[in-house]
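Asks: With the hints as extra help, turn the sequences into a complete structure.
In the order they appear, the protein sequences are chains A and B.
By full-length UniProt numbering, the letter at position 11 of the first sequence is numbered 11, and the numbering carries on one by one without gaps.
By full-length UniProt numbering, the letter at position 51 of the second sequence is numbered 51, and the numbering carries on one by one without gaps.
Derived from the structure by calculation, the hints contain no laboratory data.
Remember, it's a predicted structure, so these values are computed and weren't measured experimentally.
A few of these clues could be false.
Derived contacts from chain B toward chain A, CB cut-off under 8 angstroms, selection only [to be verified]: (1) N18; (2) L57; (3) I71; (4) D74; (5) S77.
Derived EDC-like pairs (lysine to aspartate or glutamate); straight-line CA-CA distance at most 20 angstroms [what the hints assert, rightly or not]: (6) A/K93 <-> A/D105; (7) B/K8 <-> B/D87; (8) A/K93 <-> B/D55; (9) A/K94 <-> B/E65; (10) B/K84 <-> B/E39; (11) A/K93 <-> B/D41; (12) B/K84 <-> B/E66; (13) A/K93 <-> B/D27; (14) B/K76 <-> B/D52; (15) A/K132 <-> A/D9; (16) B/K76 <-> B/D40; (17) A/K94 <-> A/E110; (18) B/K84 <-> B/E50; (19) A/K93 <-> B/E64; (20) A/K94 <-> B/D55; (21) B/K37 <-> B/D27; (22) B/K84 <-> B/E65; (23) A/K94 <-> A/D133; (24) A/K94 <-> B/D87; (25) B/K37 <-> B/D73; (26) B/K76 <-> B/E64; (27) B/K76 <-> B/E66; (28) B/K76 <-> B/D87; (29) A/K93 <-> B/E39; (30) A/K94 <-> B/D27; (31) A/K94 <-> A/D105; (32) A/K132 <-> A/E110; (33) A/K126 <-> A/E55; (34) A/K94 <-> B/E39; (35) B/K37 <-> B/D55; (36) A/K126 <-> A/D105; (37) A/K93 <-> B/E65; (38) B/K76 <-> B/D41.
Glycine included, C-beta positions come from ideal geometry on N, C-alpha and C.
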Amino acid sequence: MSSALTAADILARLPHRHPFVMLDAVTELVPSHSGTALKNISISDPVFAGHFPGEPIYPGVLLIESAAQLCGLILAEVGADGSPRIGYLASVKKFRFVTLVRPGDQIRIEGLAGTHFGGMTDFTVKLTVNGKDVASGSLVIALPNG
Amino acid sequence: MSNFDDIKNAAAERLALNARLRTMLVDGLELPVDADKIEDDQPLFGRGLELDSLDTLEIVSLVEEEFEVYITDDDKSVFGSINKVADYIVANRPR
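Replies: Rendered as structure tokens:
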């Protein structure tokens, strides 16, 4: 069954905190299967102080991290002790960046789980802005004792 | 067909399966080795082909795609060698 998460829900399920919480909302979430998240890009983000002065472009590596946080949420079941299980980014494969992301953009991030084995799950992810492809690739998330 | 021909055909099929697996691993994992140089009983991990745990996920995915055979967490011994992967596929592939 699909559900949605607010920013507060996301903070309750991920260990990340400012300035490394990358997602603003999750609009769809099917645990262990798939999810869709939104990320708003603001000129207030301190990363633009250096990337790049006078030409703000959101870094591709942070797009990967944003997708990884969505994949972590897809796997973030609550453990036996009541706390969410934390997934770690284990591999990044075949990532392509096809459009620059700038302040004012709202990124839609889609993640779909694939093969699972030995506590690791691979995901196909796709990022778009207004329906236009921004980036896509594959990630592996590892869950300790998963 | 004679019993001898059956055995001969089964052996040829197995050789072809092992060769397909070797090529699948080398291409899919982008291994810097010649597929023909991998021995059927050579360990895939450790001092064998030196694969790691991330590679197991890739092999599981490749076997699913190529053979429609699903390896689960209970089947970790499958990754011992090419022969062990082949045995598993023969025992579990759709008829």
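Asks: Indicate, hint by hint, whether the structure satisfies it.
Replies: Right, here's what the structure says about each hint:
1. N18: violated (22 angstroms)
2. L57: holds (5 angstroms)
3. I71: For B/I71, the interface hint holds, since the closest Cβ of chain A sits about 7 angstroms away, which is under 8 angstroms.
4. D74: violated (11 angstroms)
5. S77: violated (13 angstroms)
6. A/K93 <-> A/D105: Measuring from Cα to Cα gives roughly 25 angstroms; hence the hint is violated.
7. B/K8 <-> B/D87: holds (17 angstroms)
8. A/K93 <-> B/D55: holds (12 angstroms)
9. A/K94 <-> B/E65: OK: A/K94 and B/E65 at ~18 angstroms, within 20 angstroms.
10. B/K84 <-> B/E39: It holds: about 12 angstroms lies between the C-alpha atoms, which stays within 20 angstroms.
11. A/K93 <-> B/D41: With a Cα-Cα distance of about 29 angstroms, the restraint between A/K93 and B/D41 is violated, given a limit of 20 angstroms.
12. B/K84 <-> B/E66: holds (16 angstroms)
13. A/K93 <-> B/D27: Status holds; Cα separation ~15 angstroms.
14. B/K76 <-> B/D52: holds (13 angstroms)
15. A/K132 <-> A/D9: Outside the cut-off at roughly 28 angstroms; violated.
16. B/K76 <-> B/D40: Holds, because 18 angstroms separates the two Cα atoms, which is no more than 20 angstroms.
17. A/K94 <-> A/E110: holds (16 angstroms)
18. B/K84 <-> B/E50: holds (17 angstroms)
19. A/K93 <-> B/E64: holds (19 angstroms)
20. A/K94 <-> B/D55: Roughly 15 angstroms between the alpha carbons, so the hint for A/K94 and B/D55 holds.
21. B/K37 <-> B/D27: Between B/K37 and B/D27 the Cα gap is close to 14 angstroms, so the pair holds against 20 angstroms.
22. B/K84 <-> B/E65: The given pair, whose Cα atoms are some 18 angstroms apart, holds under the 20 angstroms limit.
23. A/K94 <-> A/D133: holds (15 angstroms)
24. A/K94 <-> B/D87: violated (31 angstroms)
25. B/K37 <-> B/D73: Violated: B/K37 and B/D73 sit about 29 angstroms apart, past 20 angstroms.
26. B/K76 <-> B/E64: holds (15 angstroms)
27. B/K76 <-> B/E66: The hint holds at about 19 angstroms.
28. B/K76 <-> B/D87: Cα-Cα ~13 angstroms, so holds.
29. A/K93 <-> B/E39: violated (28 angstroms)
30. A/K94 <-> B/D27: Distance ~15 angstroms between A/K94 and B/D27 Cα, so the pair holds.
31. A/K94 <-> A/D105: Not satisfied, since the Cα-Cα distance of roughly 24 angstroms exceeds 20 angstroms.
32. A/K132 <-> A/E110: holds (13 angstroms)
33. A/K126 <-> A/E55: violated (25 angstroms)
34. A/K94 <-> B/E39: Between A/K94 and B/E39 the Cα gap is close to 30 angstroms, so the pair fails against 20 angstroms, i.e. violated.
35. B/K37 <-> B/D55: holds (19 angstroms)
36. A/K126 <-> A/D105: This hinted pair holds, its Cα atoms lying about 15 angstroms apart.
37. A/K93 <-> B/E65: holds (18 angstroms)
38. B/K76 <-> B/D41: holds (16 angstroms)
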